[in-house]
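Note that my numbering numbers the sequence shown so that position 20 is 20, with each residue one more than the last.
If you're looking for bench data, these hints aren't it; they were derived computationally from the structure.
Be a bit skeptical, because a hint or two may be false.
Said to hold, decoys possible - For each label pair, taking beta carbons as the anchor points, the in silico distance ranges come out as:
hint: 1; residue 1: VAL30; residue 2: GLU63; range: 30 to 40 Å
hint: 2; residue 1: LYS85; residue 2: GLY10; range: 27 to 37 Å
hint: 3; residue 1: GLY47; residue 2: GLY69; range: 28 to 38 Å
hint: 4; residue 1: GLY47; residue 2: GLU67; range: 28 to 38 Å
hint: 5; residue 1: GLY69; residue 2: ASN45; range: 31 to 41 Å
hint: 6; residue 1: HIS41; residue 2: LYS71; range: 27 to 37 Å
hint: 7; residue 1: ASP34; residue 2: LEU75; range: 16 to 26 Å
hint: 8; residue 1: GLY21; residue 2: LEU93; range: 32 to 42 Å
hint: 9; residue 1: LYS12; residue 2: GLY69; range: 15 to 25 Å
hint: 10; residue 1: GLU49; residue 2: GLY69; range: 30 to 40 Å
hint: 11; residue 1: ASP20; residue 2: GLY69; range: 31 to 41 Å
As the list claims (entries may be wrong) - Restricting the straight-line Cα-Cα distance to at most 16 Å, the calculated cross-link-like pairs of lysine to aspartate or glutamate (EDC-like) are:
hint: 12; residue 1: LYS71; residue 2: GLU88
hint: 13; residue 1: LYS22; residue 2: ASP40
hint: 14; residue 1: LYS7; residue 2: GLU88
hint: 15; residue 1: LYS80; residue 2: ASP34
hint: 16; residue 1: LYS5; residue 2: GLU43
The C-beta atom is built at its ideal place from N, Cα and C for all residues, glycine as well.
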Amino acid sequence: MSEVKLKIDGNKGFFYIDVDGKHEAMMTFVFAGDKQIIIDHTEVNPGNEGKGFGKQMVSKAVEYARENGIKIIPLCPFAKSVFNKVQEFRDVL
Numbered sequence: 001m002s003e004v005k006l007k008i009d010g011n012k013g014f015f016y017i018d019v020d021g022k023h024e025a026m027m028t029f030v031f032a033g034d035k036q037i038i039i040d041h042t043e044v045n046p047g048n049e050g051k052g053f054g055k056q057m058v059s060k061a062v063e064y065a066r067e068n069g070i071k072i073i074p075l076c077p078f079a080k081s082v083f084n085k086v087q088e089f090r091d092v093l
């Protein structure tokens, strides 16, 4: 399982997965005030389909939200579909 990392720059940020030093997957978000983030885009490089990278990043976002007492608005269709499928994640919506 790959490690999901987080980078925050001002009012936006992204979760990402590096493989051999290269970004292979990224999920971007923006802060909406102090207590919400909006996930707006998820991207996984070709050749990495089916590895679960997208779901791992959503899972990391949920963990981040719980640790920081914030909520997630999944505008990205992929992230939204993960929240629809995984009931345990819905406490942060």
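Results for each hint:
1. VAL30 <-> GLU63: 30 to 40 Å: 19 Å, violated
2. LYS85 <-> GLY10: 27 to 37 Å: 32 Å, holds
3. GLY47 <-> GLY69: 28 to 38 Å: 37 Å, holds
4. GLY47 <-> GLU67: 28 to 38 Å: 32 Å, holds
5. GLY69 <-> ASN45: 31 to 41 Å: 32 Å, holds
6. HIS41 <-> LYS71: 27 to 37 Å: 18 Å, violated
7. ASP34 <-> LEU75: 16 to 26 Å: 19 Å, holds
8. GLY21 <-> LEU93: 32 to 42 Å: 34 Å, holds
9. LYS12 <-> GLY69: 15 to 25 Å: 19 Å, holds
10. GLU49 <-> GLY69: 30 to 40 Å: Holds: the Cβ-Cβ distance is about 34 Å, inside 30 to 40 Å.
11. ASP20 <-> GLY69: 31 to 41 Å: Since ASP20 and GLY69 have Cβ atoms about 35 Å apart, the given range 31 to 41 Å holds.
12. LYS71 <-> GLU88: Holds, at about 14 Å.
13. LYS22 <-> ASP40: Since the Cα atoms of LYS22 and ASP40 sit roughly 22 Å apart, the hinted pair is violated (cutoff 16 Å).
14. LYS7 <-> GLU88: 25 Å, violated
15. LYS80 <-> ASP34: 21 Å, violated
16. LYS5 <-> GLU43: The given pair, whose Cα atoms are some 15 Å apart, holds under the 16 Å limit.
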